[in-house]
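Visitor: My request is simple: use the sequences and hints to build the entire structure.
Protein chains in written order, with our numbering: chain A, 13 to 508; chain B, 13 to 508.
Simulated from the structure, these hints should not be mistaken for laboratory data.
Just to be clear, a hint being listed does not mean it is correct.
As the list claims (entries may be wrong) - List time: in silico BS3-like cross-link candidates among lysine-lysine, alpha-carbon distance up to 30 Å: (1) A:LYS326 <-> A:LYS92; (2) A:LYS326 <-> A:LYS311; (3) B:LYS196 <-> A:LYS331; (4) A:LYS326 <-> B:LYS331; (5) B:LYS497 <-> B:LYS106; (6) B:LYS196 <-> B:LYS497; (7) A:LYS331 <-> B:LYS331; (8) B:LYS326 <-> B:LYS497; (9) A:LYS92 <-> A:LYS196.
Stated by the list, open to error - If you anchor each label on the Cβ, the simulated ranges turn out as follows: (10) A:GLY470 <-> B:GLY277: 19 to 27 Å; (11) A:GLY175 <-> B:ASP483: 44 to 52 Å; (12) B:SER143 <-> A:ASN352: 32 to 40 Å; (13) B:ASN99 <-> A:GLY214: 24 to 32 Å; (14) A:ASN99 <-> B:SER143: 52 to 60 Å.
A virtual CB, placed ideally from N, CA and C, is assigned to each residue, including glycine.
Each chain, letter by letter, is given below.
Protein chains: 2
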Amino acid sequence: MTMVEAPNTFESEAFNDLLRTVQIAGTTETVMYGGDRNFEPLGEVFGDVAQLAVIGWSSQGPAQAQNLRDSFRSAGLDTKVVVGLRNGSASRAKAEAVGFSLADGSLTTVEDAISHSRMSLLLVADAALVSEGHALMDLAPSGADIGLSHGFWVGHNQVTGRGVREDINLTGVCPKGMGPSVRKLYEQLSGINVSVAVEQGGQDALDRTLGWALGLGAPYSFQTTLRNEWRSDVFGERAMLLGGVHGLVEALYGWKRQHNVDPEGAYLQVVESLVGPISQTISHEGLRGLFDRLDEGEKEQFIVAYNAAYPQLKNLTEKLYHDVSSGRELEEVVSDNEFNVRMTQVDGTDMWRVGELVRKSLSSSSEARVNIDPTVAGIYIAGMMAQVDVLRANGHYWSEVVNESIIEAVDSLNPYMRARGIAYMVDNCSITARRGSRKWAPIYQAWISQGILPVIDGVQSRLDHRDYFADFLNHDVHGALDTLKDMRPKIDIAVS
Amino acid sequence: MTMVEAPNTFESEAFNDLLRTVQIAGTTETVMYGGDRNFEPLGEVFGDVAQLAVIGWSSQGPAQAQNLRDSFRSAGLDTKVVVGLRNGSASRAKAEAVGFSLADGSLTTVEDAISHSRMSLLLVADAALVSEGHALMDLAPSGADIGLSHGFWVGHNQVTGRGVREDINLTGVCPKGMGPSVRKLYEQLSGINVSVAVEQGGQDALDRTLGWALGLGAPYSFQTTLRNEWRSDVFGERAMLLGGVHGLVEALYGWKRQHNVDPEGAYLQVVESLVGPISQTISHEGLRGLFDRLDEGEKEQFIVAYNAAYPQLKNLTEKLYHDVSSGRELEEVVSDNEFNVRMTQVDGTDMWRVGELVRKSLSSSSEARVNIDPTVAGIYIAGMMAQVDVLRANGHYWSEVVNESIIEAVDSLNPYMRARGIAYMVDNCSITARRGSRKWAPIYQAWISQGILPVIDGVQSRLDHRDYFADFLNHDVHGALDTLKDMRPKIDIAVS
Numbered sequence: 013m014t015m016v017e018a019p020n021t022f023e024s025e026a027f028n029d030l031l032r033t034v035q036i037a038g039t040t041e042t043v044m045y046g047g048d049r050n051f052e053p054l055g056e057v058f059g060d061v062a063q064l065a066v067i068g069w070s071s072q073g074p075a076q077a078q079n080l081r082d083s084f085r086s087a088g089l090d091t092k093v094v095v096g097l098r099n100g101s102a103s104r105a106k107a108e109a110v111g112f113s114l115a116d117g118s119l120t121t122v123e124d125a126i127s128h129s130r131m132s133l134l135l136v137a138d139a140a141l142v143s144e145g146h147a148l149m150d151l152a153p154s155g156a157d158i159g160l161s162h163g164f165w166v167g168h169n170q171v172t173g174r175g176v177r178e179d180i181n182l183t184g185v186c187p188k189g190m191g192p193s194v195r196k197l198y199e200q201l202s203g204i205n206v207s208v209a210v211e212q213g214g215q216d217a218l219d220r221t222l223g224w225a226l227g228l229g230a231p232y233s234f235q236t237t238l239r240n241e242w243r244s245d246v247f248g249e250r251a252m253l254l255g256g257v258h259g260l261v262e263a264l265y266g267w268k269r270q271h272n273v274d275p276e277g278a279y280l281q282v283v284e285s286l287v288g289p290i291s292q293t294i295s296h297e298g299l300r301g302l303f304d305r306l307d308e309g310e311k312e313q314f315i316v317a318y319n320a321a322y323p324q325l326k327n328l329t330e331k332l333y334h335d336v337s338s339g340r341e342l343e344e345v346v347s348d349n350e351f352n353v354r355m356t357q358v359d360g361t362d363m364w365r366v367g368e369l370v371r372k373s374l375s376s377s378s379e380a381r382v383n384i385d386p387t388v389a390g391i392y393i394a395g396m397m398a399q400v401d402v403l404r405a406n407g408h409y410w411s412e413v414v415n416e417s418i419i420e421a422v423d424s425l426n427p428y429m430r431a432r433g434i435a436y437m438v439d440n441c442s443i444t445a446r447r448g449s450r451k452w453a454p455i456y457q458a459w460i461s462q463g464i465l466p467v468i469d470g471v472q473s474r475l476d477h478r479d480y481f482a483d484f485l486n487h488d489v490h491g492a493l494d495t496l497k498d499m500r501p502k503i504d505i506a507v508s
Numbered sequence: 013m014t015m016v017e018a019p020n021t022f023e024s025e026a027f028n029d030l031l032r033t034v035q036i037a038g039t040t041e042t043v044m045y046g047g048d049r050n051f052e053p054l055g056e057v058f059g060d061v062a063q064l065a066v067i068g069w070s071s072q073g074p075a076q077a078q079n080l081r082d083s084f085r086s087a088g089l090d091t092k093v094v095v096g097l098r099n100g101s102a103s104r105a106k107a108e109a110v111g112f113s114l115a116d117g118s119l120t121t122v123e124d125a126i127s128h129s130r131m132s133l134l135l136v137a138d139a140a141l142v143s144e145g146h147a148l149m150d151l152a153p154s155g156a157d158i159g160l161s162h163g164f165w166v167g168h169n170q171v172t173g174r175g176v177r178e179d180i181n182l183t184g185v186c187p188k189g190m191g192p193s194v195r196k197l198y199e200q201l202s203g204i205n206v207s208v209a210v211e212q213g214g215q216d217a218l219d220r221t222l223g224w225a226l227g228l229g230a231p232y233s234f235q236t237t238l239r240n241e242w243r244s245d246v247f248g249e250r251a252m253l254l255g256g257v258h259g260l261v262e263a264l265y266g267w268k269r270q271h272n273v274d275p276e277g278a279y280l281q282v283v284e285s286l287v288g289p290i291s292q293t294i295s296h297e298g299l300r301g302l303f304d305r306l307d308e309g310e311k312e313q314f315i316v317a318y319n320a321a322y323p324q325l326k327n328l329t330e331k332l333y334h335d336v337s338s339g340r341e342l343e344e345v346v347s348d349n350e351f352n353v354r355m356t357q358v359d360g361t362d363m364w365r366v367g368e369l370v371r372k373s374l375s376s377s378s379e380a381r382v383n384i385d386p387t388v389a390g391i392y393i394a395g396m397m398a399q400v401d402v403l404r405a406n407g408h409y410w411s412e413v414v415n416e417s418i419i420e421a422v423d424s425l426n427p428y429m430r431a432r433g434i435a436y437m438v439d440n441c442s443i444t445a446r447r448g449s450r451k452w453a454p455i456y457q458a459w460i461s462q463g464i465l466p467v468i469d470g471v472q473s474r475l476d477h478r479d480y481f482a483d484f485l486n487h488d489v490h491g492a493l494d495t496l497k498d499m500r501p502k503i504d505i506a507v508s
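Guide: Next up, the structure:
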């Protein structure tokens, strides 16, 4: 693996006033600043677009259809947003409830919607894209844009070796949160960040992709490719965003119990510390900021944990990246779906029953009740750093690396675990994420229990005596995170 | 998946007196009875074979080279057994120490050995077969036999889509134990069972394959195909032979501790019960025999555990079979080897440190100290039954199903865990097995901890209320195991 240089930046006359060239840890990226919610530039790129179709009404569909409809209206545009649903879809009533209607043609069949739209956003479930993606695309008129909000289908095409029609544009706007947040934060005048990609297409496709991102209300739009997006996404959710962090807390809870901490105390010291002060401190003060907060004794514990964990988790994380980029993880998800492999319970163990009781008893001023546990923080941050290093080594842009390894974890996902436990976090995500998390959580747990905690306990020796922590202190990630921390939506994602 | 009927039996004039048509649970298989150690029939099939090459000197190489040399001598044959090693191989001295020599040509280079032999047994590591298998095969004269002791390479060729030369025979004799046991039990006049396969070749190739099996001293040789062999082998070691049983004991140890059993007690009730009385009772009295031994209260516990475990483990085991038969598991092993994914410690957790102390304190009359734990037995046997059902549904012969799911577990592998813990069992196996066990143990552990033990504890409901235990009582496996239990080597594999 070699370090891939940051790619060229891009330009768009229509959005010139919103595009900024940003220095991130010595690399250059183009970021679109949409935070002032001026939708006027949409006129320039959607002026000749009579109709845009949103296909599907699960997570992203309702949010994107409504946001785009509202933004086009704000911009004084005639572009019609139509929702395409299968005949007999149970979602019809939901779409009608927010104003899409058969009468005015803004609610129609999938076939009608795609075949009459200049741009069609395929926001159906991954499994539906696998089985119907090519057939849906075949409905589009020549020269149309096919938009995706996730690179899964591009990854699946890599596995099957099947390409897409050459006479269409394939583009992506991938929001950094679930559909309901995309809508809610739009209504709150904040919006949610996205990454944008043009997989196939020229300047006009890029222009409309940026317009789509702006229309969603994204305060910051970062550049990526769908190939990088699906890899970092499928990888990240198996690693520290979902699977890895689940394995981590299972392992550490068992370890605290083994050291005679009572169940409630173990839950507080592990889960509550992680999703409370550790996540919040990382969010506001960064990774090194968290370390700086510790007292001398805690710093020592952090360093011991970090040095025990990093080389093991780096090795595991590299393996995971290969399993993802080879396409094997996606093949497994497709196979699991086909053969109805059960979605096992993820909060079946004792610790989550304890957790429920603990959460009930925690008052709203709970922050005062738990501190940063330096061992939990040391292993957690080592896992994040392993993820950062693997993504960078595989040529992902800094914005993607930091978003998919750190920001999404502490700002978007961990709050779900904090509110209602691990299942609430994992099972609010996509099937691909839920399956991946179920597979990788136990593997992370085993690596941590078998190879990291015994080193911290002094009953197993370290793999080597390199000072990984010194690399951490001097890492480019701190600068990158500093830059990107300022590019967050005004309003945090709230968990109800 | 449909139930595949048992295949046709086979015939061989040369070994006619040793071949028996055996009824196993209503199906018919041909089994070669070699237990009387009459090597005379070898003359008929190896009379025109001037030289047989054994390539490699790791686990199977030393055993098979010596056994065949000794058997050919007993039969009064001139067939020369030559060992082929790479130039500069560190194994040269070991081969010389048991009588193979450069001087008489019985020790030579790989190239020389294969290119001058009518039959070449490629007994190198899986990774070497992946990188060099085709090149080695290309050295063989047209019409030669290429022999394998494991179908891994056939599975890998499935993945890459690369076939083998059409002008050679591809055959297999796969011993049901590691190389040292193949040699030791030969010297003890018992021998070890094998399965035989002709992947490519006609009657003469089958004759020589049976001769190879007889020459190894196999008391019973069962029929298979290399395609079935690698699937059942790679599957079985990930399931209850290694990975599954490791996950099981980790989960159950944690569960006993959670129920306030002290560490020593938990180790005894879980591991020692499993590898002691549970394995021994299954070995001598079968699966239903074990159940019959329990008192009324224990029977109830067994049934509760069985019914909680079977549907979950059946689902997981089916998934595992798909992951194996698709080729993904082999691709992952090849990738892990290529990228040096670490072989993590498998006995790093607390329970194995406790186990070491417990084993030290156990006297030789340890049987008296532990009973059959009915919950451990119920889940363990449910896992075996899931494995049996999945293999049968995928068309594996009964002999293979019972050997790879039950007999190999209780007779060949669990004794290693009993003697020195989990790592001694797992890490005495192939790289493919060691990697697979490391991956699947945590996954089994998670399914058992998250979805089975909470049902047994009454804090989670059962998936359904079907009486899986009734299916168990009336299962064909009991008849099959009865038949196959009598076809065991005279001497058990001993663990030093």
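Visitor: Which numbered conditions among the earlier hints are violated in the structure presented, ordered from lowest to highest?
Guide: 1, 3, 5, 13
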